[in-house]
Amino acid sequence: MSDYSRIRFPGIHDEERVLAVYHRHWFNIVEELFLSVILSVILLGGFFFLPSLYPEIVGSPNASLFFFLENSFFLFLWLTLFLIWIDVFFDIWIITNERIVNIEQKGLFVRRVSELRFRSIQDVTSQVVGFIPSVLDYGDVLVQTAGENPRFIFRNVPNPVGVKDLIMKLADRDRRIAEFGNISVPPKSPATGA
Amino acid sequence: MTSILSLFYLVMFCGIAAIGLFICYHVIRYSLSRQSGILTVLVFSSVFLFFLSANAIAFFRVDWNGLLRNLGTPSTSAMYLRY
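Chains as they are written, first to last, in my numbering: chain H, 1 to 194; chain F, 1001 to 1083.
Just so you know, these hints were derived from the structure itself, not from any lab.
Just so it is clear, the structure is predicted and the values come from calculations on it, not from any experiment.
There is no bait here: all hints are sound.
With the C-beta cut set under 8 angstroms, the calculated list includes, among others, these residues of chain H facing chain F:
| id | residue |
| --- | --- |
| 1 | 9 |
| 2 | 64 |
| 3 | 65 |
| 4 | 67 |
| 5 | 68 |
| 6 | 71 |
| 7 | 79 |
Some chain H residues well away from chain F (every beta-carbon gap over 12 angstroms; in silico):
| id | residue |
| --- | --- |
| 8 | 27 |
| 9 | 37 |
| 10 | 42 |
| 11 | 155 |
| 12 | 177 |
| 13 | 178 |
Heads up, the beta-carbon is just placed ideally off N, CA and C, and yes, glycines get one too.
Required output: the full structure, derived from the provided sequences and hints.
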């Protein structure tokens, strides 16, 4: 059971309650980091096995150059790994009792925050495409809206059907409040179980 | 020549340190929970500082004058190939 009470994001109101927070699925993050991880393994292999395969490297005057180059590669790799991780992990979708907030990160310098009120939702679709997403249960949730931004997309989130159900329940509740002015208890979140 | 190389390295070093600092700022500023942000910064900065300091030490241990002098002559690696 996740505790979202400590979560803060730009524009949150005092009475607003976070019901669910979604990042991309872990496998999607691993996919993005795959090349960096492979390069790290090759570099580590080089660091440990090259001196035993070519012992002259250790004794030669170029040993310090070899160490410097390898260390530089590790440094760049560590930075690249974190830059990719920031790019992927900081794509966040937050569902509160009032709205959906999408924080999209592109590199270090581009960050887009958009929000969607439940009353402008027209249709919600979840889609899981491919073998691995089917096995690990992750995919996209497409929210069709009447607003300026016609589609709001949750990309590669875990349990897309659960996300779709939660959004539909909250949109229905919002519609009922607008129609009858009857404020009911917010629906239970499948992610929190709260 | 070595001083030019050192100057070039200094610029690179400062650039990389600035990127590292910006990553820390970014993680602290935009993490949804402060606790996880601090933990991430600790993991990142400990490894980053280790690599950065080791890199600076390694740079100053390389005999750049000797290496640059040998640029025009047959390289040591070519000599190893003869073995």
